[in-house]
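Visitor: In case you want the letters, here they are:
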Amino acid sequence: MLVAGVKTFGQVSQNYDSTRYKKFLPDYVKMQFAGGIGFISMGVGYTFFNQKLEVSYFYGYVPESVSTDDLHSVSLQLTAKLLRYKINPNIELMPLNFGWFIHHTFGSEYWIKLPDHYPAEYYWWSPGRNSGVFLGGEIKTKLLSNKTPASGTAFYVRAGSRGLYIASKFGNATIPLNDIIEFGFGVAVYR
Amino acid sequence: MRTTLKILLLIGIFINTSCEDLFDYSPYAIDFSDENRDINQRNIERLLNCKNDDTITIAFTGDTHRFFDETELFVSAVNKNPAIDFVIHVGDIADFGLPKQYLWGNSYLLKLNVPYFVVIGNHDLVGNGSQAYQEMFGDLNYSFIYTSIKFVYINTNSREFKFNGNVPDIKWLDNQLQPSIDFTKAVVIFHVPPTDSDFDASLKEAFQNSLAHYNNVLLTVHGHLHHHEIYKPFADSIPFVNVFGVEHLKYNSIKISNNQFEVETIEF
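Chains as they are written, first to last, in the working numbering: chain A, 1 to 191; chain B, 1 to 268.
Keep in mind that a hint or two might mislead.
Unchecked claim - If you anchor each label on the Cβ, the simulated ranges turn out as follows: (1) A/MET31 x B/ALA206: 30 to 38 Å; (2) B/ALA206 x A/PRO115: 24 to 32 Å; (3) A/LYS52 x B/HIS227: 52 to 60 Å; (4) A/ASP179 x B/ASP34: 16 to 24 Å; (5) B/TYR231 x A/ASP179: 37 to 45 Å; (6) A/GLY163 x B/ASP31: 17 to 25 Å; (7) B/GLN134 x A/PRO176: 47 to 55 Å; (8) A/GLY107 x B/ALA83: 41 to 49 Å; (9) A/MET31 x B/LEU249: 44 to 52 Å; (10) B/ALA212 x A/ASP179: 28 to 36 Å; (11) B/GLN134 x A/GLY163: 20 to 28 Å.
As the list claims (entries may be wrong) - Once the Cα atoms are required to be at most 35 Å apart in a straight line, the calculated DSBU-like pairs of lysine-lysine come out as: (12) A/LYS113 x B/LYS162; (13) A/LYS169 x B/LYS80; (14) A/LYS169 x B/LYS162; (15) A/LYS113 x B/LYS185; (16) B/LYS80 x A/LYS113; (17) A/LYS169 x B/LYS171; (18) A/LYS142 x A/LYS23; (19) A/LYS169 x B/LYS111.
FYI, nobody ran anything at the bench for these hints, they're computed from the structure.
If you're wondering where the values come from, they're calculated on a predicted model, not measured in any experiment.
Glycine included, C-beta positions come from ideal geometry on N, C-alpha and C.
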């Protein structure tokens, strides 16, 4: 009875696996350094429209060693890969990625909705959730595809800024442009 | 394997040295360099080492928010005025309370030829701004005595502390104003004036009483409202000076001598 049960379950799970389950597996995992969303960030996501669009979700961590307090945050990102060149069968170059992100930092001081002790519209921004844009480039290789189930590994760089920084720079010629740019780089392993 | 390790090590060194300012980890990461730390205390020491006569002239600005270019103009105007002994910023140096805005604001003030002091404003406290202020400037309430005048800087941003009854710290203020042989008069500096709705209404009277208690407060100076006005909100006749926000391209200088003061407006 038990054996039969397990067998049935095994069969169901196998069917499930091959038909639907895989669809919901993330298309890639990413690990990113800096870029304003964490010292180290781990992300998963999906590709759409023949890999022209990516939707990623990151968890980012800033350790105490590089900030006064450690920080935890999550961010949601949309990346459009506007150009794609196949250099050779193993290497693909995507030199123009454009992205938008929304970044949420955890902690009561990083509120999203203006707390009750303020009159309406006292502060127009929210410290806990702000968004920005970035430009980047990526090289996709076949690395890891031989030894693992992964189809390839990509390396990417990005340079972006967020609304709060752009608003600070606005009207201020004396603020250096690179002060508002958040650089980052990372690696993505594709399924 | 050894080559990989070497490359990783090199990348690590590269990140940790040359590119510290290039890579951002979070808008709330606080990682200030030494010149951006302990500003108030270091300037107290600087000021006490300055030669002084019996006239003190202070240039006031404040509410600099995102008026960075205007702040630079203020700094060059003050640097051209040899009469100024030191500068006081009456708060709101960081519009969104961001560590990066603290750094930007301070980058201009660092170019002042004279010592400077910053009092905490309500905007400076948003997010982890309180921590950034303490790292960069020091305690939220502080004081020093210069040529027998005591300068008392007090946090009056009650709303940012949910009107918890401890901001401003009346006991601390009273203690600071207690007469001693070291000073004859006191100047009290804060961001939010007691007449404002951001000031804890339940502490307004206690604050007023504390200022009047020892009859030694020459004047108080504040910001928050951006315009300039000299007024006496309470019957005890302590004058309040509201100083210009930097965006007006005007600053107020206050000259103190013989326990008297004089306010001037200078355009830049």
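Visitor: Each hint should be assessed against the structure and marked as holding or not.
Guide: Going down the list of hints, with the structure as the test:
At roughly 55 Å, the beta-carbon separation of A/MET31 and B/ALA206 lies outside the given 30 to 38 Å, and the hint is violated. For the hinted restraint 24 to 32 Å between B/ALA206 and A/PRO115, the CB-CB distance of approximately 25 Å keeps it satisfied. Checked against the hint of 52 to 60 Å, the pair A/LYS52 and B/HIS227 passes, with Cβ atoms roughly 54 Å apart. At roughly 19 Å, the beta carbons of A/ASP179 and B/ASP34 sit within the given window of 16 to 24 Å.
As the Cβ distance of B/TYR231 to A/ASP179 is approximately 39 Å, the hint placing it in 37 to 45 Å holds. With their beta carbons about 22 Å apart, A/GLY163 and B/ASP31 fall inside the hinted range of 17 to 25 Å. In this structure the hint that B/GLN134 and A/PRO176 lie 47 to 55 Å apart at CB is violated, the actual value being about 26 Å. Taken as a hint, the range 41 to 49 Å holds for the pair A/GLY107 and B/ALA83, whose Cβ atoms sit roughly 46 Å apart.
Taking the beta carbon of each, A/MET31 and B/LEU249 are about 49 Å apart, inside 44 to 52 Å as hinted. For the pair B/ALA212 and A/ASP179, the supplied restraint of 28 to 36 Å is violated, since their beta-carbon distance comes to about 46 Å. For B/GLN134 and A/GLY163, the hinted distance range of 20 to 28 Å is satisfied, since their beta carbons lie about 26 Å from each other. With a CA separation close to 15 Å, the supplied pair A/LYS113 and B/LYS162 stays within the 35 Å bound.
Restraint check: the Cα-Cα separation between A/LYS169 and B/LYS80 comes to about 27 Å, which is no more than 35 Å; the hinted pair holds. Proximity of A/LYS169 to B/LYS162 is assessed by CA-CA distance (about 31 Å); at most 35 Å being required, the pair is judged to hold. This hinted pair does not check out: A/LYS113 and B/LYS185 have alpha carbons roughly 44 Å apart, beyond 35 Å. This hinted pair does not check out: B/LYS80 and A/LYS113 have alpha carbons roughly 45 Å apart, beyond 35 Å.
For the hint pairing A/LYS169 with B/LYS171, the CA-to-CA distance comes to about 41 Å; that exceeds 35 Å, so the pair is violated. Restraint check for A/LYS142 and A/LYS23: satisfied, since their Cα atoms lie roughly 22 Å apart, inside the 35 Å limit. Note on A/LYS169 and B/LYS111: the hinted pairing holds, with a Cα-Cα distance of about 20 Å set against a maximum of 35 Å.
Of the numbered hints stated above, those contradicted by the structure are hints 1, 7, 10, 15, 16 and 17, listed in ascending order.
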